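As given, the protein sequences belong to chains A and B, one line each in that order. Taking the numbering used here, the leading residue of the first sequence gets 9, the next gets one more, and so forth. Taking the numbering used here, the leading residue of the second sequence gets 0, the next gets one more, and so forth.
It should be emphasised that the hints constitute simulated quantities derived from the structure, not laboratory data. All values reported here derive from a predicted model rather than from experimental measurement. Some clues are possibly wrong.
To be verified - Only pairs whose alpha carbons sit at most 20 Å apart, straight line, appear in this in silico DMTMM-like list of lysine to aspartate or glutamate:
no., chain 1, residue 1, chain 2, residue 2
1, A, Lys47, B, Asp22
2, B, Lys422, B, Glu433
3, A, Lys138, B, Asp383
4, A, Lys47, B, Glu433
5, A, Lys47, B, Glu26
To be verified - Stretch by stretch, here's where chain A covers chain B in the computed footprint (C-beta under 8 Å, at least three residues):
no., stretch
6, 17-30
7, 63-75
All C-beta atoms, glycine included, are put in the ideal place defined by N, C-alpha and C.
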Amino acid sequence: MQKVVIIGATSAIAESTARLYAARGAQLFLVARNAVRLKDIADDLRVRGAPEVFQATLDVNDVQDHARLIEQIWTSLGHVDVLLVAHGTLPDQARCEASVEWALREFGTNGASTIALLTAVAPRFETQRKGVIAVISSVAGDRGRQSNYLYGSAKAAVTAFASGLRQRMAKVGVNVITIKPGFVDTPMTRDFKKGALWARPDDIALGIAHAADRGRSVVYLPWFWLPIMLIIRHVPEFIFKRLKL
Amino acid sequence: MSKAGQSWGRYPNASQTVVALNDRRAELPASAESILPYGNGRSYGDSCLNDGGTLLHARYMDRFIRFDAQTGVFECEAGLLFSEILDLVVPQGWFLPVTPGTKFITVGGAIANDVHGKNHHKAGTFGRHVLEFELLRSDGSRRVCSPQQNPAWFAATIGGLGLTGLITRVTIQLRRVAGPWMSAEVYRFRDLSEFFRLSQASDRDYEYTVAWIDCASQGKALGRGIFTRANHAPAHPDSRPGAPSRRLRVPLTPPISLINPLSLRVFNTLYYRRQRESVSHVTMHYEPHFYPLDGIGNWNRIYGPRGFMQYQCVVPPAASLDCMEVLVKTIAASGEGSFLAVLKQFGDIASPGMLSFPRPGATLALDFPNRGAGTLALLDRLDDIVAAAGGAVYPAKDARMPARYFKQYFPAWESFSHYIDPKFSSSFWRRVTE
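This is chain A alone, in the form it adopts within the complex (with noise of 0.2 Å):
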């Protein structure tokens, strides 16, 4: 039985990969701010057929409290061989610029609490010597853009250190995969005009569990992406400076 943990499940992406291990009949331990929404969440994988599915509430935020819930998982599940992280907002950019404040703490939700927990959980991964990270990182991270580079730079430190992390526990056997999805239609983007570029979060989840079964490093989702974001790093800044991305 795969034993698979989501921080930030209640987002779309991850709501959608959980009920993908869901019906394989996977074990899961979901970590949200919001116990109301995770209880149901939770409800809903156990009728598609999680035999197990442990609840915890975290405010990634509160860094201190990141070895109780990691102790808590361990404790729970015994191993695990699917960690994904996948909380996150996204900043309102103007806000931002506006408020030192405000941009660190969204640097914190989107880019420093995911170091601090991967951080803190490197080591049990190190003892068990098998297992998944999988990480959301973002194609905002591969270059910053006036519209979003706060977030943008956030993922940017996320995707640098899950890099480095990968190079580091690919010794003892654990792989660390890079999620970087373009636009999603969630929630989170429920303001947004949508064009052909938007994919679902059904797509995003079905990427990340095949990037999980086949041992990938550096997912772009979908695929697409890949070509598209080449061309984005590979612009010369003298025009990229006019462009209004």
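Add chain B to chain A, keeping to what the hints say.
What follows is chain B alone, placed relative to chain A:
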């Protein structure tokens, strides 16, 4: 937020703000204009549209809540699809108590339209199997509605076209089955009186009865068709075909409707001839039996960019044969009509909703490609026939019935209107009452 929202018939066009719902415990979103819940958009006409207003997209309120495999009591959020329920419960020996001809409808939509199926004569409408639901109103109040608790709200919301508030969660009673197979008998009939004889003779022993009729042929062939009666098969039937795995799709909308008088006659004749023997027995998977068109994704596109109108009426038992003959004659003479015209006798089990459509008699359903004024005039003629016979037309499929006929078909509309949420409205409701 986005501007979108279409009904299955792709007619009429409407422009509305779409707000996605995901959390059944959340309040309704604030909106300056009127709002209307929208499930999976399988209503054919404008009952799921709210032109100039807001649609509450409830499809992603799709969590299971509980399923008791011993008793068949099942609870879920209102945006869950019938297909998702079947995928879960059929392998555990349960089935939906009532299902229409597509499984791509939400549970909330099934209640709002009090849908019926081929087992109406045995099971009545879907609403009869609803044990309880929660109704969220724009004033923030939540009511648990069941036949015992808030019975008036229960009756108003079943068949209430989404106007009484948002259905957030639903508990239904499933029915036991031994497996996914159906045991069916298929008969070819030459005319409508033969259909009525077959149907009456089958009502007692067969849970599911339905007929396809050829609505393109005139003269001697008028009213011929194919009658199917079926029961859920035992656990180990003689053959056990799988669910169809090949999924076809209509990939794009052709510039004109592919349905025209010629293609219609060719198809109808071939379909009738396909059934070689006058009787045959088959064991089949439940999917092709209940959902033949679900195997073809976006089949509604074949009618081209102007879309189509579905017409479904019911006429009382005493007038059934004569009235159906006049209706079929009128349709055949017009050269319009559809590949799949469906004929079924409703039973006399009372529908629980104030505005429920099913009532005793015979019901006919068919599609008409939208050819503008000509199509509308034909449907008006059909309405005159149905209204004179004391029948009714199904709001879930309608985009054009005149207000005066709606009020005649659904005399409870005025008492129903007291239960409408003051913030809720729909294109359909404004059309038939204002």
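Against the structure, the hints come out as follows:
no.	hint	in the structure
1	A:Lys47 / B:Asp22	12 Å, holds
2	B:Lys422 / B:Glu433	16 Å, holds
3	A:Lys138 / B:Asp383	73 Å, violated
4	A:Lys47 / B:Glu433	44 Å, violated
5	A:Lys47 / B:Glu26	18 Å, holds
6	17-30	holds (count 6)
7	63-75	holds (count 4)
In this structure, the earlier hints numbered 3 and 4 are contradicted, and the remaining ones agree with it.
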